Amino acid sequence: MSTEGIGIDRRYARAFSAIQSFAVRYGLGIALVIVWEYAARKAGSIFFPPPSEILHRAATLWLSGPPQRLFLSDSVFQDVIPSLLRLMGGWALAVLIGVPLGILIGRSRNLSDLVNPALQFLRAIPGPALIPIFIILLGTESTMRVTLIAFGSVWPILLNTIEGTRTVDPVQLDTVQAFRIPRHAQLWRIVLPAALPKIFAGMRVSLALAVILMVVSELVASTNGIGYRIQNAQIMFLLTDMWCGIVLLALIGYTLNWLFLKFEGRLLGWHRGARGRAATS
Amino acid sequence: MLAVERFHHAYTPEQLVAANISFDVKAGEIVSIVGPSGCGKTTLLKSLAGLIKPTGGTIRFQGKVVQGVPDGLAIVFQEYGRSLLPWTTVNGNIELPLRYQSITPDECRRRVAESLQAVDLSGFGERYPWQLSGGMQQRVAIARALAYQPKLLLMDEPFASVDAQTRADLEDLVAAVRDQFEITIVLVTHDIDESVYLSDRVIVLSRPPSTVLAQVDIDISRPRDQIKTRAMQQFVEKRSEIAQMIRRPSGSETHP
Amino acid sequence: MSDLSGAADPRAGFGQARSFAGPYLLSLAATAFRVVLGIFIFFLILELVTRLELVPPIYLPRASTVVRRMVELLQDPKFLSHVVATLYAWGVGLVLATLISVPIGILIGTSELAYKMTSPLIEFMRPIPSVALIPLGILLWGQGFSMKIILVAYAATWPILFNTLYGVHDIDPIAVQTARCFGLKQAAIVRRISLPSAVPFIFTGIRISAAIALIVVIGAELLASADSGIGSYILFVSSNGGQMDSVLAGAAIAGIIGALINSALGLIDRRLFGWRYLGATLS
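Listed in order, the protein sequences are those of chains X, F and R. For the first sequence, the working numbering assigns the number 248 to the initial residue and increments by one for each residue that follows. For the second sequence, the working numbering assigns the number 1432 to the initial residue and increments by one for each residue that follows. For the third sequence, the working numbering assigns the number 351 to the initial residue and increments by one for each residue that follows.
Note that these hints are calculated values from the structure, not bench results. The model shown is predicted, which means the values in this text are computed figures rather than measured ones. Watch out, some of these pointers could steer you wrong.
Some but not every residue of chain R turned toward chain X, in silico, with C-beta under 8 Å [unchecked claim]: (1) Val385; (2) Val481; (3) Leu585; (4) Leu598; (5) Ala604.
Chain X residues, not near chain F, derived (Cβ > 12 Å throughout) [to be verified]: (6) Ala262; (7) Ala278; (8) Pro298; (9) Asp321; (10) Met483; (11) Trp505.
A virtual CB, placed ideally from N, CA and C, is assigned to each residue, including glycine.
Modelling step: build the complete structure from the supplied sequences, incorporating the hints.
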């Protein structure tokens, strides 16, 4: 057998396994979309338009602008961008408040015990229940929405940061104490990195919560935003538009989560490595 | 170097773990503390380091009473995996305590390199602790203690979590370190053989509430060898002497 | 894949990993005291802040006023029927979601191929905010219970499904290998090893879903101007102005209900699966 033959076989084998893994990963999703397309066309229900129609409408809605603006249409700038800005603004606010506050509280066992019941209560208030309060107190502009998003999504970060700060390994604390490392350095170089995995877990949950709060806040008494568009589509019975909004939100939620995981992976690579080792040793 | 007077510690008023422990450690000695489980060896060591305040007695380090962690001592824990910081490299771990000493960055780098060489891990500076084996991790912990240039090195069952072969290497490392750096070493261990092999003197504690049963001088000549020394008559005798003291049932007598 | 160990469970209150040192009753009393003290101090702070009247009291009444209103509401049968309506939709939706996701999750989790095929899909479906489907739900099913229940069931399915999958699929391989060495067949392995070790994860999924379900049900009530439910009550009192105390009281009661549910589930979790957290403390 010639070496050339083996080379070709290997290339085929690699191509085949690549196709195989693609099929396994995306096959089900693609199949479902195809089924939906076929069923929707056949049944003709207005409530579930075929995916091709949704995609077409989405392109019209968002990608029919001039080339200078990357083909983005006005709707993107009127609704999508403001929504995203409010979302990220509210979430960032939650992080900026939640992490330092959480570390402060977490350092003291007594304080965190005392504060816990109040936090459990505040965190359990369902976001939608707060909307009327916030509207009355802060109006219907972006300030209200950003504050609502921040207020609603700070709790997972705060609670997880407190937990992470409290559960720093006592051996690590003994070690830095024994080496007479000053207290401020202890906080910055040991407590914070040790708590970081839990903090990140809290941030991730917070992000998902922030997306929910953004949508909910825009479904009520708003004048722009993705949620507003969905609400508007409901009133005007424009089902395809509504589905466009839903799909867009799915994409946003998925992308944000994916981005966050990548970011977390870079910062917490050591955590995965250390844990992986602990699992096998 | 170190003077312990009537050390006495109770976790709670009912749980008296150490009743009366007194001993001295001279500069440059290697002293082991052995005793049955629960006799407060670790508590004693942490008190020597100033991490715990004993309920009674005085500990003097270099003449001054220990209140809080004094300058000039370093400690190596049994759980190296939890003592090394996983988010920074070996180099990062070793130089962390040095950042808060008043030394120049050059001196810092030199010390890190020197201590890595002393523990035979010269190429591993940029690795992360979890990428190393257990024995190597403990060596990094020892290097970190060495770079700190302490006068007194405390070790709490440092080789208990390490396999037997690596333990032998690490024991020899400790002996070499004492010679090279002229530091004093106090070592807590449950391994009697190890204590006899390594030390100049072994302090034997009783069962809780513990007191000092005896201080056994080990005058076996140095340098010691894992195989030859352990086969020597002297070694075997000392070892049995200590083992009997620990196993003896009347080892729980308390002396007020 | 996201981390679903107990440590990453955001619904956990802290202190769960504390070891059980000391007499049980003593620590129970101490905990109860701390909880009461914490609540009391919280109320005091709120009362002081609201008395400062940084915002006019019609907009932000005193904490004591709100608490008084809360007590009134909890004795008002009309309001209580709202609470029951909300909890009913919440509960039925949650149970439906569990009945659907757990069997499916187990089935998928035990087949390597099925797992590989479905997990990308689930990863995509999970981040969709279910509240975005409320308008669609209103169009499809109106403003009544069916709409609420279906939406809650949809929202609650994903965390439970995901956790079940993870629990069944990502178990300790050593346990499975040991079982195989003892000659256990696949079905027996599933029954005796995969399922029992998956149960704590399934329960974690249920805890997460319970919280999400509450958000969805109250959100649906609020947005659909449903005729029953805490959400609809809050909407009603907020549109007829000047009743801020009722609005706040309604939201606060919703919060207390949520907190009680979370705590109860947490307690059950620790009772049944306390062994998980014990392991965590020791390491």
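- Any CB of chain X closer than 8 Å to the CB of Ala604 of chain R? 5 Å, holds
Minimum Cβ distance from Ala278 of chain X to chain F greater than 12 Å, as the annotation requires | Label holds. Min Cβ-Cβ 41 Å, cutoff 12 Å.
Q) Does the interface hint hold: is Leu585 of chain R within less than 8 Å of chain X, judged Cβ to Cβ? A) 7 Å, holds
**Whether Trp505 of chain X stays farther than 12 Å from all C-beta atoms of chain F, as the label says** = 24 Å, holds
| query | Against chain F, does Ala262 of chain X keep a CB gap of more than 12 Å to every residue? | reply | 35 Å, holds
* Interface exclusion of Pro298 of chain X relative to chain F, criterion Cβ beyond 12 Å -> 45 Å, holds
- Does Val481 of chain R meet its interface restraint, that is, does its C-beta lie within less than 8 Å of any C-beta in chain X? At about 5 Å, which falls below the 8 Å cut-off, the nearest Cβ of chain X leaves the hint on Val481 of chain R intact, so it holds.
Assertion that Asp321 of chain X lies outside the chain F interface [Cβ separation over 12 Å]
Asp321 of chain X is indeed farther than 12 Å from all Cβ atoms of chain F, at 46 Å.
Can we trust that Met483 of chain X is non-interface, i.e. its beta-carbon lies farther than 12 Å from all of chain F? At roughly 53 Å from the nearest Cβ of chain F, Met483 of chain X sits farther out than 12 Å, so the non-interface label holds.
Next item in the hint list is Val385 of chain R. Is there a CB on chain X closer than 8 Å to its CB? 5 Å, holds
- request: Report holds or violated for the interface hint on Leu598 of chain R, using the least CB-CB distance to chain X and a cut-off of 8 Å.
  value: Leu598 of chain R check passes; min Cβ-Cβ to chain X is 6 Å, inside 8 Å.
In summary, this structure violates none of the numbered hints.
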